[in-house]
Structures are given as structure tokens and as C-alpha cells.
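Enquirer: Let the sequences and hints guide you as you build the complete structure.
Number of protein chains: 2
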Amino acid sequence: MSLNFLFNPKSIAVVGVSSDPSKLGSVVFTNMLSSGFEGNLYPVNPKYTEVYNRKCFAKLSDIPGDIDLVCIVVPPQLVNDILEDAGTKGVKGAVIITAGFAETGEQGAKLQEEIVETAKKHNIRVLGPNCLGLIVTKSKINLSFAATDALDGNIAFVSQSGAFLTAMLDMSLEKSLGFSHLISIGNKADLDENDFVKEWLDDPEIKAIGAYLEDLESGRGLIEIYKKSKTKKPLVIFKPGETQESQKAISSHTGSLAGSYEVFDTAMRQAGITIAKDINDMFNFLLGFSWSELPKGKNVAVVTNAGGPGVIATDYIVKNDLKLAEISEDTKKLLASVLPFNASFHNPVDVIGDANAERYRNTLDILIKEESIDAIFVLLTPQIVTEVEETAKVVINNSKMTNKPIIPVFLGGKYISFGLQKFYDEKIPAFKDISEAIETFAVLYNYVSFLENEKEQTEANTHITSKYLNKGKYKDEVSKYLSNNFIALPENLVTKLADEVRIILPKQVLTSTIEEAIEFAKDNYPVVIKATTEVIVHKTDEKALYLNINDEETLRKNYAELRFTIQNKFNIADPKILIQEQVKANEEIFVGANRDGNMDVYEVDKPGFGHLLAFGKGGIYTEVYKDIGYALAPSSRDDILKALKKTKVYEIIQGARGRQKLALEKLIDVIESVQKMVLLYPEIKSLDINPVLLTTDRAVTVDLKIFVSR
Amino acid sequence: MSLNFLFNPKSIAVVGVSSDPSKLGSVVFTNMLSSGFEGNLYPVNPKYTEVYNRKCFAKLSDIPGDIDLVCIVVPPQLVNDILEDAGTKGVKGAVIITAGFAETGEQGAKLQEEIVETAKKHNIRVLGPNCLGLIVTKSKINLSFAATDALDGNIAFVSQSGAFLTAMLDMSLEKSLGFSHLISIGNKADLDENDFVKEWLDDPEIKAIGAYLEDLESGRGLIEIYKKSKTKKPLVIFKPGETQESQKAISSHTGSLAGSYEVFDTAMRQAGITIAKDINDMFNFLLGFSWSELPKGKNVAVVTNAGGPGVIATDYIVKNDLKLAEISEDTKKLLASVLPFNASFHNPVDVIGDANAERYRNTLDILIKEESIDAIFVLLTPQIVTEVEETAKVVINNSKMTNKPIIPVFLGGKYISFGLQKFYDEKIPAFKDISEAIETFAVLYNYVSFLENEKEQTEANTHITSKYLNKGKYKDEVSKYLSNNFIALPENLVTKLADEVRIILPKQVLTSTIEEAIEFAKDNYPVVIKATTEVIVHKTDEKALYLNINDEETLRKNYAELRFTIQNKFNIADPKILIQEQVKANEEIFVGANRDGNMDVYEVDKPGFGHLLAFGKGGIYTEVYKDIGYALAPSSRDDILKALKKTKVYEIIQGARGRQKLALEKLIDVIESVQKMVLLYPEIKSLDINPVLLTTDRAVTVDLKIFVSR
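Chains A and B, in that order, give the protein sequences.
Every position in the first sequence, counted from 1, becomes a number in our numbering once 2 is added.
Every position in the second sequence, counted from 1, becomes a number in our numbering once 2 is added.
The reader is advised that the hints may include incorrect statements.
For identical chains, the list gives no copy identity; a pair is met inside one copy or between any two copies.
What the hints assert, rightly or not - Below 30 Å or equal to it, Euclidean Cα-Cα: the simulated DSBU-like pairs (lysine-lysine) are:
# : residue 1 : residue 2
1 : Lys335    : Lys112
2 : Lys482    : Lys232
3 : Lys663    : Lys395
4 : Lys416    : Lys25
By construction, these hints were calculated from the structure, which means they are not laboratory data.
Computed from a predicted model, the values in this text were never measured in an experiment.
Expert: Laid out in C-alpha cells, this is it:
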């Protein structure tokens, strides 16, 4: 394990311990004292010879014997010297809790650069600065200033916010959820989320990983680490900042620039990473992954002692794309033998308000054996004869007898809390909110379902990248337009690039004679004529576009008019005019791509995710309906189809309401061509086709715009 | 008060009390004994002469003195006799807890009809049957078999599910939320939600009303009661059953047929009623209305001791259509004087992780005085120096000094619970979930904002109904098509109705001569020709529709072809052919209406909501994008515009991205005409225009279909 010095050190020194127990350094040191750490632990502070009944050292190099890990809690301007001293001592890792670095502005950033350099010089890996520290339960390490220690468990958690970590920790104590690791990464001057995720994916004692991140160090890096891992386990990420306003808030408090939420969302989902949308989600999902069996399928049963909650559960089951299991006739007969006549033997199974624990047991005994059921939600409302604690015991026993997830949902507050406590004690994922319970289960199911469909995608996609990356024929020409700004490539270069990846443009000819125009048009009516983009950017405004030309007469007239306009307005004596076939589209589709990160984003560990492909309803409705599917390059044909299926315009393409099917495969060809293009030329910052004209047998690209930037 | 006998009875008898304290009758009776009721309380059961140290009567008529209210807890087949006895005794109200009536099937329904008749005969109002009973805290009545009594408070709650009520009650005990009334209405054989809502709207001691309903007795009735109330107060309704699957679940457990969720949703929102989507929503919203001041505006400030939660809060503020208040420069200066240099003085105000209670107080003291702020969310994560309980006290004191809502959100579990408890004790609406806190505040703000915009809408709308209802010119003709099925009106009658309400159809002529066709066409090119609907239903399939006819030559050719087709295929010697102007639409709009309830729905207290008007994107995209706005008849022009603004196609109508504005007012004319038509003819079950062709100056209706049914 590469992070052994951090997770399993033999000796730790804490620099900045004082006699005042309320100072952070003292808190960290006393946390270590009470955590039961079995290695050597040394306080360091030149002001004292003894603190907390331990000999206190003036500096690290005074300590006899090796030091694996040092924790630094001193004013920021002193940190560098301590790192130098640590270097002399041969320390392997430093946890820098001290704040006042990059998060405070330019000066702090400079200070941070200095300490990073010093650490590098001495081969010291750094956690922080500006962090809460770390807790590793198995090694009995609480090298943090958290107010409390964590319970032992199988969840590893990394957080860019110490406060978020603290809140999770407080939640975990209430519900007895345990952690293997809790790591606060602070400013991520050296070690970042990817280092930890990578290590944890290989640790067989960890069942699930959680991460709270305000910016991602390298999005593509994280995705690749996760995709390539052979010992896959659930990874749950919460990244706030869906709205523009919250992105401003992030910038103001971390100084980091948050990327677009869409690219994050697409990248995570495509890689099979679970997204949490708030702190409760994060907690519930980790609790689910930690404590529950994974379901085999999405057919769930609901047992309830009241009709209403059964109805509510049904709504959430449907909304979360799960299914109410069909209960077999045999099972219904068995249920009838143990339930009163007015119970409901359908799903939801209503055991009626006067159900005691015994009736719940009889029902569960039967349902657990029903093959069509993959998981059971056990709903309880505290009615007069309801045996809250006894029923909890029944559910606990039942869930020990099966590997189907059994998820209790006890509705209420005061009385049901006694039941819930029993569940937490036995590590049964229990809820007092129907929607939270079902959403958590859906997350578990989606993870399972992702694993099943994953197959060999990863390798296929990596192959796409290595095949095309930076291999464009016109690299030299493109590079001429590169700068830090957005620059549009000229039409002739765009045409070359389109040709290279076989994007089909309308048949067209560029000519300055009416004869040539007529010759082209005769096989291609209806046609359009227009000025080239070099001449006029907004064609329709300037009456430089003529549509629906069906015959030679009209063509002659319009050609003459357009020629006259260009000659006069733009002072071009012998202008070239573009004549195109006019494709009659059944549907207009938008296809685009945007790069997240710089043009070197496909190299190792650069910030950003690369190119996000976007496609959906085109034409004037693109902005209005925002009916767009997303896929991150490199995506397989199958990935693209999956994303396309999520759009509504897909229904139209598939011939909704008895209409003709359109050329789906041809459309995917266009999207694949666009993907190929952005990989051939990662210089492309943004690409936009609006529309692709889709017919029953063609997908013709008009108005392809390409922007490049570094 | 008409329900005085129920809410403030002088004497109560409980029929069905037994010596076994676990029986429901005994539970109800002992609940009454311990609730502190100051009136007379009598047990009734022929088997005993004494129970619970009270004289037990064999029957009601044996009791000396008057009985206002009787509670019946005996087997179902005995209920009727007891009601007869109650009638003799002059009892005013009966709470029938007994189950086994309409909810069990046909036989039970018959039994229920019998008891309703008996009650009516004796002028006894009935609550239930199949209910949990009722709790009225002010009168110290707990005439229910709930496991516990409620705390005193200002919320009145009515529930169609006893279990839901029980769960709410258990939640309320945990957070010390009090109720004035808790009513379980069971099968609603007589008294229903509308009776209670009406009474409670007039009760000045009640601050907010909650209702859990699986079906609505009379949707229009409820809306009218609420709209007409002069002492408006918040009404929160939770009706499960958004999905088809859950509607099935409702039918199976109550036997009631749930209406469409859309009409419910539209009707509630238009009336200013708050919709809860689950049990937590219901609880939080009621707690908010009960404990919080109402906000003056939607500009909120966030104070936090951690950046992350501030970002999360910002996301939810934006998603809930609230605004982060702009903090003035003066206030920022004041903040700078009490906060450390690295704090954030923008909104969210970050008081930094080492904030103690004092720092929170200083910050709140300043922010409360800032005029641009309407409410303050106080976020806290339990960090090492955080003073959870002290900070809670600070927030409590501050919120007593202002009438701006101050809403604490303490994130965590174990430690922060001590702070939360302090808030609940002082009736401060506090949360441990950011999204719940902000959603609850948004509900409060939306209520305030609704009240402000409400004005004289109600009367205007009532006026529309009385002006048009059932006053159509062609009532007799329409009534010929009435049955219990869906019947389409024939084209000529549809045209008459369209004419009556001035719906503009394309210019057209129906003719059997080509000369007349040419005469019409010459002023109206381009035109279309088609067979009448009577001849062919699916016009395009049979090649009975010719579009884009621009000249006489084409018209002659197409006319001859169509005539030939009709003559041959349908054996009509001299067919009439329809010639219409072809309107070139800038946008196709869908307009429709559907009736919820029977044709008598506009009479008093009938089930259903009446006609739901629907309008939005038309053409082939109607089903795909479901971009539809809804308004319930009668709606004012303003209501319709408001609903239209919620659609995305409205952006197109308003000329999105520099395009031409379309004839919005003409479109609203069409919708108003449709509304007029369905009120003139409430026989109309369903009406469908797809599309209305909208241009820059016209809104032309093509393809108007009208279906009637009883």
C-alpha cells in the first residue's frame, strides 16, 4: 500500500501541542492519546519539556528513533521550517492542519507553493494544509481536531470540507455507522481524492467509498482510476454547485473554479459512480452500501400496516424506476392463511392496522421465499396495537435469514425511535422516511445493474482514445488558430475536418457563374443559395440566403439578387456563391461537443473531464426544451445510444405515434464522427452542429461550427 | 359553530367499553379519562354495571341527562340499533370507530347506507365509520384509540387514514408540535374534509390546516370554500397517488377512484393551497406555518460556520425560486468589525469554523437590521470549538427580537440534537436538513406571495361561471349525443359551437363544383382540399388530403383526383369537398379541455373539479414534450396567461432568440373561447384542438374535436 505511512504508521509526532488543552494542537494530541494508538506518539513544542505527562521535544530531529508521520499545527509561516526539519529526520508523511495558505489569497498560495517544494525535496507526502486531519479506525488513529472519534466500520470517506466531515461523523454516531477512514484533504496541496480512492479500491476491508468534493483535482483521472479498478466497489460522490449562484459561492470560499455540473454528472453516471445531492443522501447511500445486501433485481414488495403509506411507497417505487413485484397465486394463498380476511394480499401487502409483531413475522416468512421478490420494504405506523420494538426484532431476525435486502421504514417520531435504534444497533439500514428508503434502495440497485451491464466497455473506450488522440491530418493548419481565446475555424478548414471524419454535408458547389449553378441545381432541386460565411455571418438578416428554389427561373432571379447584394454591400467584384441541395428534414437534431479542461486534458492527471458530447432536439427548440443527452468522450456506440434514449426526441426518431422511423444509425454515425474529430483535434474547445437534418435514410449536417482554444 | 357538538360537547358516551383494557372501546374510554375532559363521560355496555370505577349503562337511553356526542365501538351489525337508541336520546353527533363498512365491499357498503339513513332520520351527524376518532386539545377530548394524546397547539389536521394521523402524532411528540384538532374521517359517510376545513377557516385560534386525503369528496366544493373564506389561513394537503400504480393501490384499499393528479395539482395551486408530497413535507410545512413568522419577501441570508453547507444552501435557494439577498456595503463593514479577516461578508456569510456562539450573535444582530434581508438561515456544523447549545440560545434570542423568520439548520446527528431540542422547546422551526429547511421556507413565502396577488380574482371567476353555465344555444342538439360513453359531436355541430364562442376556423367552403372551388381559392392561395370527416376519418392514410395547392392548375388536378377517390371508394355520386385556406403557422399550439366529474359537477358539492383547460406545444410534439400548462375553469385571462407562462413554448411565442413575437392575445382568446364553450355545455367531457396555428397576427383553429358524455 502506497499510503501505509498515513494509514498504518509506527510512530507519529504532533508539532504544536501546548499546555492549553483547547488549542488545536492539543486537541489533535489528546485525540491521539484517547484513540488507543499502539505506536509511538511524540509531542513537539520548544516551549515545553513535558505536556500531558509525556516528554515534549523542542524539534522533530530531537526525537530518538524513526518518525513515520508528523502532524503540523503551528502558524503558517513556521510550517516550512518544520518540514525542513522533518526532511532531515526522514519523515514520510505530513498532515498539515494549519490554515492560512492558498484558501486566503495570493500570499497564502505562495506560502503553499514553498511548503510543497520543501516536501517534494525531502520526499514527504503532504495531507492538507487547511484540513481537519484524519481518522483511521483500524489503526486506532484519530489525528484530527474532530470533537469525537469514529466508530469502526467498512466505509472510507474523504472530504474537501472539514465541516462536512464533522457533520457526517455526528450523524454516524446517532445511527452507529462505522468508518474505516475519514480523511480531510483540505487544500489538496499534494495528496488529493484520487490518491485515496485508488488506494481504497484495492483494500478488501473497505465496502464502499464516499467523497465530498467542491472541485475535482482531475476528473478524467478519477474516472480512469475507477473504471480500471478490478476490485470495483461503490463510490458515492457529493459535489455541490448545480446552480450558477452556488458556483459563485464555491469560488468565494475555496478560490477554486467549479466546472460545469453537466459534465460532472454525465461522467460520474457513465462510470457507474453514485451521485449524492445532499448530506442526507450521502449518509443514507453509504449506510445502505455498508449495511445492506445488494439486491439481485428491482422487483420489490411492500408490507404495511396502513393503506396510505403503501400508496406513498408505490409512488416512490415507480418514480425511482423500480417495480412492484407480482406476487404469485401460491404465495397469496399462503398469505391468506396467516392474514385476516380484510388484509390485502396484493403488493403492497396490507397486514391491517391491528397487526402485531407475530403477523409481521408470518408475512415476512412467506414473502422472503417468494422468488419474484428481490427486496422487501417493511412499513410500520405506530397504531394502538402495534408492537414497535417486537416488530423491529422480527424484521432483524428475518433479515438475518435471507440475502434479500429487507428495509424497514418506521413512520413517526417518538415511539418508533425505539424500533429504529434496534435496527441501527444490528446494522440494518432503517429509515423513518419512505422516499429516503426507496431512493437508497434504488441507488443500490442501480449500482448492481451498472455492474451487470458494464462488461468490456472500459477497454473498448480506452481503445478509441489511443486510436485517435492527436492524430488529425490537419494539425498544423488547426494549430495556427490556437490561442487562449475562442477562435472559430474558417469554413474551408471546417469542411476538411468534416471530410476527414466523414461527416456528410449537403451536396453543394461554390461558384461565381450562374451556368455552373444551374448545372448543379438541375439534379438537386430544391436548392438553396447563400453567401459564404466569410462574407456574411448572419445570413438571414442580410437577405443573403434564398430557400426553396425549385426551378431555373427562380434560381436565376435569386442568384442575380444575391450577387448584386454582395457586390454592393461588401464590395466584392466577382463573388463566389454557395449552392446547396435543400434537404427536407423530418426532424432537426442538435449535435455538439464542449471540452472541459485544457487541450492537454487527455494526458495523465490534468484537471477536467475532456469532451462532453451533447445531442438532442435541434433547430429553434434547442434552447427552449433543452432536450439533450450527454456522453463523455470516449464513448462507445452503445453509450451514445443509451444517452440518446434519454432524450424525448428519440421517440420521434423511433417513429412515435405510428410515424416513420428516422435514420437513427446515421445519426449515431454523425455523433461518432464528432467524437472522432474532437479526439483527433483536442484543440477543439467547442463544436456545434445545429441542425443535423434527419430523414428516413439520411443524416445531413448543416451549419457546423468549430471553435478552438488552448 | 356548526360542529360545536363535536368540538365542544358537554357530555360524551362511549358505547362498547369493556373490562378488557386492550379492547378498542376501552382504549377510547381510558384515553378520555386521562385527557382531563371536564364534561360528563359515560361508558355504555349491557354486559357491565361498572367499568373503570364508573357506572356503566346498558344503553344510551338509560343515561340520565343529555348526551351531545356518542362514540360507537361495537361490531358493525350492532351500530344501526345504537344509532336508533341515540336518536331517541336526542344525541347530536356520533363518532363511529367501528370498521367493516364500505371499505370491505358491497355488503359493508349496504350496511353503511343503512346507518347513514338512520342518522339522517334522527338528525345525527356522523364522523366515520372506520376511523380512529378525534382529538380536540382545547376541550381536552381524546375520543380516539391513538396510543397517546396530542400537545396543545394551533394546527388543525384532518386525515382519511388513521395510520397517517398516528404517524403525524408520533412525529409531533418528538418535536413538541401542538394541534388544536386531529380528526380521522374514515369512510366519510357523512362528515367529510370540507365540513372541517370550512369550520376551521373561521376559527381564529387556528393558524394552519392540514389534510391527508386519498380522494376528495368534492374538489370544486373544497376550492370554493377556500376561495370564499375571508379569514384565509394556510391549508396544506397531501394526496398520494401521482402514478398510475399508486392509484391502483388506493382503489384496492379504499375502494375509491382517485381522480387525475394533474387536475388536483392545478386546482390546489390556483387556489393558493399548499401541496405536500410526503409525510415529512406535511409535518415540516405545518410546523413552519405554526411556529414561524411569515416572510415579507424572498430575499434570504445564509450564515454558516462552513463553506460547503453554504454552497449547498445556495443551490436549494435557487432551485426553490428564492433569492440570496444583496448585503449592503454598510452592513458588510459592520460584519467586518465583528468577524475575522478570513470570514466571508458576502451572502452566504461564512463566520468560519472556529465561530463560537458570541460570533453568531454578533453576526445575527447585524443581519437582522439589514433591510434587504427577509429571512435568515443559520447553518451550523459541529466543529471543535462550536458551541451547539449556546448558539441555539443565541438564535432563539435573536428570533424573539425580530419578525423576520430565523431558521436554524444544524447539521449532524448526536451532538447537534441537543441544540435542536432547545429550538423545539421554544417553538422555533429548526431543521437538520438544508433542503427541508429551504423548501419549508419557500412554502411559507409562496403562501404570502399568493395572498398578495390574489386580489379580486375569486369574484371575477365566479362571475364567469354564472354568466355562461348551461346557456349554450345548441343545448338540444348537443343533448341528442349524450350517453354514458364518449361520443364525438359531428362536424357541422362542432362548427356551430365554434361559431357561438367565436373560435376562428380557417376560411373554407364546402362545395361539389370545381368552379366554386376555384372562385374561393383565388383569394386564398395556398389552399388545401380534403374529404369531410363524415366520409373519411383518417384523411392522410386514404390520400384524401392535398396540401400546398398554389395555383388553379394544381387545384383542378387534385380536385379531380380526390373526387374520383371518394366516388369510387365510398360510392358517393356527387361528393362535397372541403377547400380551406392553408395557414402557415409559425408555431403549432395544443388547446384542450377535460372534465373531472360528471356533467353536474358545477352544482354544489358534487365530486370532481370541473373542466381542466390544457394548452401548450402542439403538433407531433404534444405527447413527446408534454409541455402543457393547466388552468381550471373558471379561470380569468390572467390565470390563463400565468399558466401559459409556465410552458416552454411561451418563450417561442414571445419571440425567443430575436425571433418575431406571435399573437399571444389571440391565443388566449382561443383558450377563453374554449372555456366559454365547456361552461355553456358542461356536457363536454373532452375537447381537443391540435393544432391552433399561431402566426404573428392570427390564431386559427384546425382539427377541433368535441366529445360529450354524462
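Enquirer: The structure should be examined with respect to each hint, and the outcome stated for every one.
Expert: Results for each hint:
1. Taking the shortest alpha-carbon separations for Lys335 and Lys112, only the inter-copy value of 28 Å comes in at or below 30 Å, while the best intra-copy value is 75 Å.
2. For the identical chains of this complex, Lys482 and Lys232 are neighbours neither inside a copy (43 Å) nor across copies (73 Å), given an alpha-carbon limit of 30 Å.
3. Taking CA atoms no more than 30 Å apart as the test, Lys663 paired with Lys395 passes in neither setting, with 56 Å inside one copy and 66 Å between copies.
4. For the identical chains of this complex, Lys416 and Lys25 are inter-copy neighbours only, at 23 Å across copies versus 39 Å inside a copy, given an alpha-carbon limit of 30 Å.
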